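There are 2 protein chains.
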Amino acid sequence: MKPGNKTKRIEGVLAPVITPFGKDYAPDAARFVRHCRWLLRSGCAGLAVFGTNSEANSMSVAEKRALLEALIAGGIPGASLMPGTGHCALSDSIELTRAAVELGCAGVLMLPPFYYKGVSDEGLYRHFSEVIERVGDERLQLYLYHIPPVAQVGITLGLIERLLAKYPGIVAGAKDSSGDWNNTRAMLEGFAKDGFDVFPGSEVFLLEGLRHGAKGCITATGNINPGPIANVYRQWRSADADRLQAGISATRKVVQKQPMIPALKSAVAHFGNDPAWRTCRPPLVELTGAQEEALITELKSIGFSMPGLAA
Amino acid sequence: MKPGNKTKRIEGVLAPVITPFGKDYAPDAARFVRHCRWLLRSGCAGLAVFGTNSEANSMSVAEKRALLEALIAGGIPGASLMPGTGHCALSDSIELTRAAVELGCAGVLMLPPFYYKGVSDEGLYRHFSEVIERVGDERLQLYLYHIPPVAQVGITLGLIERLLAKYPGIVAGAKDSSGDWNNTRAMLEGFAKDGFDVFPGSEVFLLEGLRHGAKGCITATGNINPGPIANVYRQWRSADADRLQAGISATRKVVQKQPMIPALKSAVAHFGNDPAWRTCRPPLVELTGAQEEALITELKSIGFSMPGLAA
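In order, the protein sequence lines correspond to chains A and B.
Residue 451 in our numbering sits at position 249 of the first sequence; the count goes up by one each step and never skips.
Residue 303 in our numbering sits at position 101 of the second sequence; the count goes up by one each step and never skips.
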C-alpha cells in the first residue's frame, strides 16, 4: 500500500448528483459544476456523483473521469466528493477508483459487479479485494453500495464483515438503498462500532437512521431538496425533529410518483428555468409534458421551492 | 452512413468464446487465439466472442479491443467474428461496435443497456438507434441479444419491429437466450421473412429452430462440443437428425449441472491438459475440485471428448 493521509470522512446529507447531457447526449461539464456548487451552498455535506441517479452507468470511465476533473478544476473540494466507481468490469472499477483517489476524493461508493446474477460472496470478495489491492493507496476510503432493486447483486452482512476485517480503515462504510430498514439497522448494529459509516439511501430513513448511529443519508431528492433534508440532519436531536422529518418525507412522496431520475431533472429544469436539464441519456427518457405538469403542480401545492437555483 | 460492403452473414453454430485470464486476471490473448482456432477447426461457423460466457462484462472496452486485434493479427478471419459490443454505457457500446466494424467483423451481438431496470422500449430504441447512427457505417450488421435471465432488460418483439423498419440491412438478427421456445418461434414467425436471422441461445433448440427457419445457434457448450453440435446443423434434414440432437442435448444436460462458465473452463483445462484455463475473473469463481471431478466423470461416462484440443 502506498502511504498517505486519509481525508476526513464525510458526514451529513449527500446528493447522488444528476448529470446534465447535451442534445447529442454528451455530458455537460459546466452545468454539472454549477449544480454541484448549488448543492454545497444549499446544505449538502457531500456529493455522491456518479450514482444510480447520476445515470453513471450510462457513461464510460473516460466520461466520468473528465467530469471529476472538471469538478476539481471548478473549485469543488475533493473532500466533499464520494464518486461512484463500481462497474461490471474489474478493470473499469480499478481505473476510476484510482483516478478518484489521485484527485483527492474523500471516498468512493462502489457498486458490486452487477451483470452476472447469483454470484457468490467469495466472488464479490475477490472483486472488491482486487480493486483495493490494485489501487494500493492508503488514502482510499471505500463505501459499499447496496442497491438490490436495481443492481440485483447485493452486499451481504457476511461480505461486509470479511472485507472490514481484512481492510479496516479502507472499507469505510455503506450506502443502503435496499429500502429495508431492518437491513440498515443490521448494518448499523453489526458494524457501526468498528468505524463503518452507514448511510440510508433515502431521507425517509434519515431521522430513524441517525437515532441508530447512521452518519447521514445519500438520497436522490437531495438533488432538489437539500436545504430541508440537511436541516433534519442538523436538528435531529431537537424536539422538532419528527415534524421536520415528516416534511421531507412528504416531498419525497410527491417526487417518487414519477420515474425518479427524469423527475429530478424536470424539477431542476423548471425551478432553475433551464430546459436543457430535461435530457436523459438512453435508455432513460424524459418525463412527458403531462407527467412534468403533475409533478410541478403537486410540488408547488406543498410549498416546495429551490432557493437560489435560478440564475 | 459511410458506404461499404457487408460481409456475408454467418450461419451455423457459433461459440460465445470463453476468455482465458492469467493469475493476475489479465486476459491471455495467446491462449484465446489458440482456442478460437480450435473452435473454427472443430466445426464452429463463427465466434461470438465477448458474450455472457466470455465474462465479457467483466472486461473493459480497451481489454476487449486488444483481444479483437489479437484475433485478427492471429489470422482469425473477421468474417467469422460476431463480438458482443453491448454495454450499460452508450459511449462504450459505440466505441466497441465501431472498432468491430473497422476490424472487419461480420456482425456484432448487442446486449441492451442493462443497469437500469424497467426501462421503456422508447429508451432502448433510442440507445440502439444512437449506436447505429454514431457508428454510421453501412458495413454494420447488428444482432440483438435477448437474455432476460441475466440482463433482466429484454428485447421485445415491438422493439425489433421498430428497429428493423428503420434500419433494414443493419439490424440483421437476434440471439434469443430467453430459454423460451415460444419467444424464439415468435421472433422467427414475425421477422425471419424480412431477413432477420434468429439464433437460439442453446443447442437444445437447434433442430427445432432450424425446422422453423433459424440460421443456427449460439451456444455456451459450443466451446467444448463444437463438432457434434455442428453435425446437427449440417445434417438437420437427414433421417438421423433427432438422434443427433438427443446426443448434444444429453451433453448439455451434464454440463449445466455445474455453474456454466467455470464448468466450460474446467472442461477445456482438463481435456486440453492446460490448468491455466480454470481461472475466472471476479465476480465469478472456478469450480471446486469436487464439482470438476463430478463434471469430468460424467462427461467421460457419456463418451465425451474434445478431439485435437490437447497440444
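A portion of the hints provided could be inaccurate.
Which copy is meant is left open, because identical chains are indistinguishable; a pair holds if it fits in one copy or across any two.
The calculated lysine-lysine pairs, modelled on DSSO-like cross-linking and capped at a C-alpha distance of 30 Å, are [unchecked claim]:
#: 1; residue 1: Lys395; residue 2: Lys208
#: 2; residue 1: Lys395; residue 2: Lys502
#: 3; residue 1: Lys225; residue 2: Lys319
#: 4; residue 1: Lys459; residue 2: Lys319
#: 5; residue 1: Lys502; residue 2: Lys459
#: 6; residue 1: Lys225; residue 2: Lys368
#: 7; residue 1: Lys210; residue 2: Lys502
#: 8; residue 1: Lys210; residue 2: Lys455
#: 9; residue 1: Lys455; residue 2: Lys502
#: 10; residue 1: Lys459; residue 2: Lys204
#: 11; residue 1: Lys459; residue 2: Lys368
#: 12; residue 1: Lys225; residue 2: Lys204
What the hints contain is simulated information worked out from the structure, not anything from laboratory work.
The structure presented is a predicted model; accordingly, all values stated were derived computationally and were not measured.
Here is how each hint holds up against the structure:
1. Lys395 / Lys208: within (19 Å within a copy, 63 Å between copies)
2. Lys395 / Lys502: neither (42 Å within a copy, 54 Å between copies)
3. Lys225 / Lys319: between (34 Å within a copy, 23 Å between copies)
4. Lys459 / Lys319: Both. Shortest intra-copy (29 Å) and inter-copy (17 Å) distances satisfy the 30 Å Cα cut-off.
5. Lys502 / Lys459: Cα proximity of Lys502 and Lys459: one copy only (15 Å, versus 58 Å across).
6. Lys225 / Lys368: between (46 Å within a copy, 21 Å between copies)
7. Lys210 / Lys502: Neither: 38 Å inside a chain and 59 Å across chains, both beyond 30 Å.
8. Lys210 / Lys455: neither (33 Å within a copy, 55 Å between copies)
9. Lys455 / Lys502: within (14 Å within a copy, 60 Å between copies)
10. Lys459 / Lys204: Classified as neither: same-chain Cα gap 47 Å, cross-chain 44 Å, threshold 30 Å.
11. Lys459 / Lys368: neither (42 Å within a copy, 34 Å between copies)
12. Lys225 / Lys204: between (42 Å within a copy, 22 Å between copies)
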